[in-house]
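J.: If you want the building blocks of each chain, they are given just below.
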Amino acid sequence: MSFNIVVLAKQVPDTRNVGKDAMKADGTVNRAALPAIFNPEDLNALEQALRLKSKFEGSTVKVLTMGPVRAAEILRESLYRGADEGYLLSGREFAGSDTLATSYALTCAIRKFDKVDIILCGRQAIDGDTAQVGPQVAEKMGFPQITYAEDILEVTENSITVKRRLERGVEIVKGPLPILITVNGTAAPCRPRNAKLTMKYKHAATPSEKQEMGADYTDLYDTHPYLNLTEWGANDIEHDPRWLGLNGSPTKVKKIENIVFTVKESKRLTANDADIDSLMKELINNHTLG
Amino acid sequence: MNNIIVYLEIEDGVVRDISLELLTKGRALAQQLGCKLEAVAIGYQLDNIAKQVFPYGVDKLYVCDDKRFIPYTTLPHASVLINLFKQEKPQIALLGATTIGRDLAPRVSSALFSGLTADCTALEIGDYEDKKAGKVYKNLLYQIRPAFGGNIVATIVNPECRPQMATVREGVMKKEIYDSKHTGEIHKLQVAKYVSDKDFVIEVLERNIEKSKINLKSAPVIVSGGYGVGSAENFKLLYELAEALGGEVGASRAAVDAGFAEHERQIGQTGTTVRPKLYIACGISGQIQHIAGMQESAMVISINSDPNAPINKIADYVITGTIEEVVPKMIKYYKKNTK
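Chains Z and C, in that order, give the protein sequences.
Taking this note's numbering, the leading residue of the first sequence gets 1, the next gets one more, and so forth.
Taking this note's numbering, the leading residue of the second sequence gets 1001, the next gets one more, and so forth.
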């Protein structure tokens, strides 16, 4: 028994460590100031895929991402950790995609794969926090979905049993294959890079990256075909242009603003007894407390 | 036709607060647009739902009642909404940004090719000009949401596609009875017309959901801790203070991520929005995404060893000191001077 597994991943700006220079003076985001990272929950999803691969011999893990040329970094990262193949969907036709257009493009790419049993992805990406692309890909593929997965408990030829982490508890559900599963941050963290695989795939590159390297490297990729990361543009996938990129995005951004809070005139107190006592007294007297 | 529809989340026969909050907002939007407010209840034994939601201004309630709808699984609920929306063509559909709403809404939006905006913090009606196409759209739903880890706020519109779909987190909108005597029409949906047997493919083997013990939204006083509290051990001081003052303990995302407090206590854009009489921020630096979830508190006290913590700017009282020093003094004074 073996499974064809696809992991959907995204390279995101690290919004968790937003510094002072993250915003430009005009209120727009200074993407250059933020490091680009592997979306954290997509790493949790990759781990679930790799576990299935180790358990069921002959299973394959393909990692698919949509993004700029630079997003190939997370494909290499996936190979270092044990994935089999990396696929980058890239091109100006995809620019301006909202979640719906993104899910459409990803679905068109997934359809190019022979047979898919399980699609895994993170619950949500930290730059948008929408949690929409997973369920939307599931709908477009015609697959059922299991969201907020924390652990895959059992897989058989035609079913999968998953533990879900919900707001106030857990649920164990069983669904048929093929299926799409979104994985929670509470699931097992992704295994670290494997030293041997990191050596092996260090030079893995997409055609765009190879072009930048120049002709000197051509031999390397001819003799080591596993170093070739697949890169698809819009022309490589069967699609309806009305559904891609900006055209295929029903949501439009009307405006973006910096968040401004009303600054209050605050009373400054020290930690000494007199200050605290008089504050507490005031709160009791004006019925804020009690 | 072209009304506003709210998807009702129902737990043990009771409509959840998040849905009542959406109905309150939906009522106001319907008034502005001159359309009707509708709600859809999908579940089992739903006879008691109408009287719970009509006072919130619902003009029409769709009821889809079948034992197989509980516990919730995605596909059957999605099919009901997809088919109902195709038939009724609502202009706006609102869902809670809950585990259910965030599972359900994208599936429905994908099937209908309608735009969906997650986790809105405000919903307004307004016009939109598409300069490129030279078109002006009247009375669109402005879906306002934080983006980029809460550092910016974006206004999103769906000019062409319907319904305009949005999810909203619990507590962001206020829940308010519209008219206790208001009543509406009940429309029972024929289950077989909306779902097929094939939708029931996910089997719930085990379900262990606890009733929420933490009620941040209705607590008059919230003692909230941030990363600066330092440890789960130090958080105990906050529990003591909250207990003495008859309040609840909240936490910032950083404190939750560090494991000092459970996720349910998280306050901010990705947690709960609160408006207590008194908010005591302990060791909270005041990231935008946290402030957005508590800025409407009537009074804010910030206790922080950093006199320049950003949160101090929106605090009524700033105490410069450590939690270990200040909090016990507050408890002591309060206990001594009240019954």
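A portion of the hints provided could be inaccurate.
[Claimed, not checked] Chain Z residues, not near chain C, derived (Cβ > 10 Å throughout): (1) Gly175; (2) Pro225; (3) Ala271.
[Said to hold, decoys possible] Label pairs and their calculated CB-CB ranges: (4) Lys1135(C) / Asp114(Z): 39 to 49 Å; (5) Thr270(Z) / Lys1335(C): 16 to 26 Å; (6) Lys1089(C) / Asp222(Z): 49 to 59 Å; (7) Glu1203(C) / Lys115(Z): 55 to 65 Å; (8) Arg51(Z) / Gly1126(C): 46 to 56 Å; (9) Lys1193(C) / Ser159(Z): 25 to 35 Å; (10) Leu153(Z) / Lys1135(C): 25 to 35 Å; (11) Glu167(Z) / Glu1124(C): 24 to 34 Å; (12) Lys281(Z) / Lys1067(C): 55 to 65 Å; (13) Leu177(Z) / Gly1246(C): 20 to 30 Å; (14) Gly142(Z) / Lys1060(C): 27 to 37 Å; (15) Ile284(Z) / Lys1236(C): 15 to 25 Å; (16) Lys1174(C) / Asp277(Z): 30 to 40 Å.
No wet-lab data here; the hints were simulated from the structure.
Predicted, not measured: the structure shown is a model, and the values here were computed from it.
Every residue, glycine too, gets a C-beta built ideally from N, C-alpha and C.
J.: Look at each hint and say if it fits the structure.
T.: Results of checking the hints against the structure:
Against chain C, the non-interface label of glycine 175(Z) is violated: not every CB pair exceeds 10 Å, the least being about 5 Å. A cut-off of 10 Å between C-beta atoms confirms that proline 225(Z) is not in contact with chain C; the least separation is 36 Å. The beta carbon of alanine 271(Z) is not kept farther than 10 Å from every beta carbon of chain C, the shortest such distance being approximately 3 Å. Range check, lysine 1135(C) to aspartate 114(Z): Cβ separation about 44 Å, and the 39 to 49 Å hint holds.
Checked against the hint of 16 to 26 Å, the pair threonine 270(Z) and lysine 1335(C) passes, with Cβ atoms roughly 22 Å apart. In this structure the hint that lysine 1089(C) and aspartate 222(Z) lie 49 to 59 Å apart at CB holds, the actual value being about 57 Å. Hint check: glutamate 1203(C) to lysine 115(Z), Cβ distance near 24 Å, so the stated range 55 to 65 Å is violated. At about 49 Å, the CB distance of arginine 51(Z) to glycine 1126(C) agrees with the hint of 46 to 56 Å.
Roughly 29 Å separates the CB atoms of lysine 1193(C) and serine 159(Z), a value that falls within the hinted 25 to 35 Å. At about 52 Å, the beta-carbon gap between leucine 153(Z) and lysine 1135(C) misses the expected band of 25 to 35 Å. Roughly 28 Å separates the CB atoms of glutamate 167(Z) and glutamate 1124(C), a value that falls within the hinted 24 to 34 Å. Distance hint check: the CB atoms of lysine 281(Z) and lysine 1067(C) are about 59 Å apart, consistent with the given range 55 to 65 Å.
At about 52 Å, the CB distance of leucine 177(Z) to glycine 1246(C) disagrees with the hint of 20 to 30 Å. As the Cβ distance of glycine 142(Z) to lysine 1060(C) is approximately 32 Å, the hint placing it in 27 to 37 Å holds. In this structure the hint that isoleucine 284(Z) and lysine 1236(C) lie 15 to 25 Å apart at CB holds, the actual value being about 24 Å. A hinted range of 30 to 40 Å holds for the C-beta pair lysine 1174(C) and aspartate 277(Z), which are about 35 Å apart.
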